[in-house]
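Model the placement of chains B, C and D on the given structure of chain A, informed by the hints.
Number of protein chains: 4
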Amino acid sequence: MKKAVETQLKTNVAIKVRFSETDSMSVVWHGNYIRYFEDAREAFGDMYGITYLDVFSNGYYMPLVSLSCDYKSSLRYGDEALAEITFWNTPSAKAIFKYRIFNKTTNRLAATGSTIQVFLSVSDNALSINNPAFFENWKQKMGLL
Amino acid sequence: MKKAVETQLKTNVAIKVRFSETDSMSVVWHGNYIRYFEDAREAFGDMYGITYLDVFSNGYYMPLVSLSCDYKSSLRYGDEALAEITFWNTPSAKAIFKYRIFNKTTNRLAATGSTIQVFLSVSDNALSINNPAFFENWKQKMGLL
Amino acid sequence: MKKAVETQLKTNVAIKVRFSETDSMSVVWHGNYIRYFEDAREAFGDMYGITYLDVFSNGYYMPLVSLSCDYKSSLRYGDEALAEITFWNTPSAKAIFKYRIFNKTTNRLAATGSTIQVFLSVSDNALSINNPAFFENWKQKMGLL
Amino acid sequence: MKKAVETQLKTNVAIKVRFSETDSMSVVWHGNYIRYFEDAREAFGDMYGITYLDVFSNGYYMPLVSLSCDYKSSLRYGDEALAEITFWNTPSAKAIFKYRIFNKTTNRLAATGSTIQVFLSVSDNALSINNPAFFENWKQKMGLL
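Which chain is which? The protein sequence lines are A, B, C and D, in order. With my numbering applied, the first sequence corresponds to residues -16 to 128, in that order. With my numbering applied, the second sequence corresponds to residues -16 to 128, in that order. With my numbering applied, the third sequence corresponds to residues -16 to 128, in that order. With my numbering applied, the fourth sequence corresponds to residues -16 to 128, in that order.
With the rest of the complex left out, here is chain A:
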């Protein structure tokens, strides 16, 4: 656990608020933050070599089993945001990410959140009770074990 704190995997990605993502209140519709979380996971996967396609090529899906989001301030059309993502190391067969979304101009926190994903075998749709080998290997490479 001590090591996990020392080796915290983290990255961030710039988000440009799309006009289509706003609603009648002129702010980003709350459900669209879930897309920003996904953009952040993408950036994380690209950065640390564990994209959805990598996972899939290892025979797994990683569906979400849990999601939460807390809204702190609004984002508007024209705003640029920064989505920060942190990998939360856990021994169980899960991938946990924490998120913070900032207004890039004001540095104001717009939202925080978290997601939990599990491993499903592509071949038989079975849930992995233990971390798949590829994920253990990745953790090792990242200094998380």
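Keep in mind that the hints are not guaranteed to be accurate.
Pairs count within a copy or across copies, as identical chains cannot be separated in the list.
As the list claims (entries may be wrong) - When the alpha-carbon atoms are kept at most 35 Å apart in a straight line, the in silico DSBU-like pairs for lysine-lysine are as follows:
#, residue 1, residue 2
1, -7, 124
2, 122, 77
3, 81, 124
Source of the hints: derived by calculation from the structure; they are not laboratory data.
Same frame as chain A, now just chains B, C and D:
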């Protein structure tokens, strides 16, 4: 062709404008009409026995190759709309639909549009040059041949 | 609290899974459940006389400040779902809803979730520390006070 | 007209296909290309100093009145695309854009399209019969008049 005019397949479906479908101008974002067209195709499929799942179970996908939409008046959050869909009979290996979307309360036309779909074999992704047998059978049953 | 249990406001709404709501895993993309929660809130508002437009005409917005969703089983294109919504009575100036989404055919639980909304004045964007008068009146009418 | 050909305003923007933009056929859902067109208009606005916010600050909205898209080949999750946008100069009070979307890796054309926008006064929602002054000025600056 004469027969096609006589036997015009048509249906409609009620649409409740979702808050998440509006944009900062407080009207339905233009891209969301494409979802309404899809809702209308669903209703058509249910009505005339030719849903996506029917098509798929016959070994085909029906991807869109063309789409157009003309916007006539805005829909707002809280509005109820009616999406009308008409099958446009053609001898070529295509499914052509025409759409009209109305504000249900005012009866005002909100948009018109059309889509063209082709047949792709699920097994080899090949484009059908001729109408697949299941589609010919369906047309026959509908009095369109 | 006892009263809140006695007078539990609850409703549900049928959801037809849209093709556009599915993803490459052939299941409903997790972010789209947030739309189903919104559909459920709409149905609740229609049922108990407290739609977004009612709220707005009383001078308030009700933005979300918190959202969570737990995924239990997948929904697929062609599935019909049922979104059940329950109002969670609280003395604080918030509207809390709990959700359960079922596969209508199998009755299997697909997801659970909750949302918390606060009251913002339309005129000055100020957060209400106490329940607005219209909301207190509504609660009274519903037997929740 | 000759001048319009000489001074062709054009730009492009990189698109990363989001997982949430794919559908059960494992390709980008056709309606999401409309978002890519919007991304391209954003890039165009940033490049040539005519963003939605510029337009709005001049007292106008620019709603779409027409949209078309022709699909040539599929985009998949993980693909990077390029959305190219060209301003189509016309003397009438409209903004016409043409689009081409390419798979960035294969250079294969994925879609073409066009949009037509008009000018609505923010103050009274009236349609502009002539080009607003700010738009004429912009055209002049761009060498399009």
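Quiz item: Between copies, within a copy, both or neither: which fits residue -7 and residue 124 at Cα up to 35 Å?
Solution: within (15 Å within a copy, 45 Å between copies)
Exercise. Pop the pair residue 122 and residue 77 into one bin, within, between, both or neither, using alpha-carbon distances up to 35 Å.
Key: This pair counts as within: shortest intra-copy Cα distance 12 Å, inter-copy 42 Å.
Quiz prompt | Status of residue 124 relative to residue 81 across identical chains (alpha carbons, at most 35 Å) | solution = within (21 Å within a copy, 41 Å between copies)
The earlier numbered hints are all upheld by this structure, with none contradicted.
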